[in-house]
Amino acid sequence: MIRLLIRDLALAVRAGGGFGLGLAFFLIVIVLVPFGVGPETVLLARIAPGILWIGALLACLLSLDRIFQLDFEDGSLDLLATAPIPMEGVVAVKALAHWLTTGLPLVMAAPFLGVMLNLPGPGYAWLVLSLVLGTPALSMIGAFGAALTVGLKRGGLLLSLLVLPLYVPTLIYGTEVARRGAEGLAVATPLALLAGITLAAVALLPFAAAAALRVNLR
Amino acid sequence: MSIWEYANPLKFMGWTAPLVPVLWVLSGIALTVGLIWGFFLTPDDYRMGATVKIIYIHVPSAMMAINAWVMMLVTSLIWLIRRHHVSALAAKAAAPVGMIMTVVALISGAIWGQPMWGTWWAWDPRLTSFLILFLFYLGYMAMWAAIDDPDTAADLTSVLCLVGSVFAVLSRYAVNFWNQGLHQGASLSLDSEENVHDVFWLPLLVVLAGFVLLFLALVLVRTRTEIRARRLHAIALRERMG
Amino acid sequence: MPDLGKYAAEVLSAYGLTLVLVAGLILATWARSRRVRRALERAEARRADG
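Protein chains in written order, with this note's numbering: chain A, 1 to 218; chain B, 219 to 460; chain C, 461 to 510.
Each hint should be verified, as a subset may be incorrect.
Said to hold, decoys possible - Pair ranges (Cβ atoms, derived): (1) Leu-259/B with Gly-50/A: 41 to 51 Å; (2) Ala-491/C with Ala-203/A: 41 to 51 Å; (3) Ala-488/C with Val-243/B: 14 to 24 Å; (4) Asp-509/C with Leu-237/B: 40 to 50 Å; (5) Pro-111/A with Asn-397/B: 23 to 33 Å; (6) Ala-10/A with Arg-498/C: 55 to 65 Å.
Stated by the list, open to error - Quick look at which bits of chain B chain C covers, simulated, 3 or more residues with Cβ under 8 Å: (7) 325-339; (8) 428-441; (9) 445-456.
Unchecked claim - Some chain B residues judged to face chain A by a derived CB distance under 7 Å, without partners named: (10) Ile-350; (11) Phe-352; (12) Phe-354; (13) Ala-360; (14) Ala-364; (15) Thr-370; (16) Ala-371; (17) Leu-374; (18) Val-381; (19) Phe-385; (20) Leu-388; (21) Ala-392.
Treat the hints as calculated values from the structure; they're not laboratory data.
Just so it is clear, CB atoms sit at the ideal spot from N, CA and C, and this is done for glycine as well.
All chains, full assembly: derive it from the sequences and hints.
Shown next as structure tokens:
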């Protein structure tokens, strides 16, 4: 399973893996927001946590269909299915690889983009913490959506339609942590709920995703 | 003879055939009586005036929107566990009905909200939850539409329905946490002090029964259609193979 | 017709839109049911002949 992880990471980093694409997309979304809502720093500071979260979420969405699609097309997913590791493990490793190549860079880029949006000082630590806790759930939920749509020709659009409503709880608690942190309020409750959702997603969704993959490989 | 016998497609077609017209007539009667009673024979509310009459479509449609999803969840589970084709097709048949009910609840709520709260739309927890429910219906139906093989489609949509149900409940609480609302409490709970008054309650119950019957009639007809469509698909395949 | 006061437009439009949506749903259900039933009958007849 560790070798699978290394393989996935190598494939993602190599050319055509779309490694930097998510980051660039994140940057562009954040740059576009001031054009849309105007350059007033007070307004930007108020909406910064939410915009950063939505930007990260959309950037994450962008690379979801790659989780299984390429392996499905060249048949290596069939090999993995017959390999002596459980399908649930494959799903979890692939979601982890997705998080390492997409979620983690987004988390690291977020503070710099926060500066551009005039995010208040105390907000940075909470923003990063909320993203660290929340993005694994985004990857795992996304892997589930990708497993559902892997066999389809125009799966990408359907994938967004399926996955985005599932992102609602994560987004709500994540932005709440960042917003309250930025305003200097207590953050314990949304933080605990955010962590709870991530842990539950990581614990349970591999089974659902593996079930969906088995159906698609049938 | 076990209860599952009724889920055999042929048997299902047999025992539902006489039931459909009965359900149509009963739901027609209940809706006519309830809506006329509610619309013409109830007084105006002292706070909400005549807008209270919207309750007779808003509350039943909202309840059916949720019940339809619950029914899809149950039938999806039955499909995954016992592999009864009728069950999967019933889930497919219920989705558009549930979606329309969600839209009706949202629209009637918006029209009601305009004079009462001064706005068509507020990001109130209940409204927002329903909007999310609407998105779930869309995704579920898009999933059915996107897959050609009926068994694969049934499997994948069932898994989606299960996961979606969990996330729908999560979203409901998340949305509650996110914003305290303008919306009234539950209109029909049995233990609540703040229940709606008897004058409104009785016709509301009749309309509600009408909506349930209408839902059953629609779902039965749609399920029968899906069963026929499947058989048609099978015949077409056989003909093509010669 | 009961006196709906100043809210007549709201109440009537809510009922009207609901009626349109539900009627549309019933019509769509009925139309598809009929279409599929006809097609199946034709297919069964073809099968009986051939």
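Does the CB of Phe-354/B sit less than 7 Å away from some CB of chain A? holds (6 Å)
Using 7 Å as the Cβ threshold, decide whether Phe-352/B counts as touching chain A. violated (9 Å)
Does the hinted range 23 to 33 Å hold for Pro-111/A and Asn-397/B at CB? holds (27 Å)
Would the hint on Thr-370/B stand, with a C-beta cut-off of 7 Å toward chain A? holds (6 Å)
Please test the hint of 14 to 24 Å on the beta carbon pair from Ala-488/C and Val-243/B. Cβ of Ala-488/C to Cβ of Val-243/B: about 21 Å, so the range 14 to 24 Å holds.
Count the residues of the segment 445-456 of chain B whose Cβ falls closer than 8 Å to any Cβ of chain C, and tell me whether that reaches three. Holds: 6 residues of the segment 445-456 of chain B have a Cβ under 8 Å from chain C.
So the hint says 41 to 51 Å: do the beta-carbon atoms of Ala-491/C and Ala-203/A match that? holds (46 Å)
Under the criterion of a CB-CB separation shorter than 7 Å, is Ala-392/B in contact with chain A as hinted? holds (4 Å)
Chain C covers the segment 428-441 of chain B, three or more CB atoms within 8 Å, holds or violated: holds (count 4)
Does the interface hint hold: is Ala-360/B within less than 7 Å of chain A, judged Cβ to Cβ? holds (6 Å)
Would the hint on Ile-350/B be counted as holding, given a Cβ-Cβ threshold of 7 Å to chain A? holds (6 Å)
With respect to the beta-carbon atoms only, verify the hint that Leu-259/B and Gly-50/A lie 41 to 51 Å apart. At 49 Å between Cβs, range holds.
When held up to the earlier numbered hints, the structure conflicts with 4, 11, 16 and fits the remainder.
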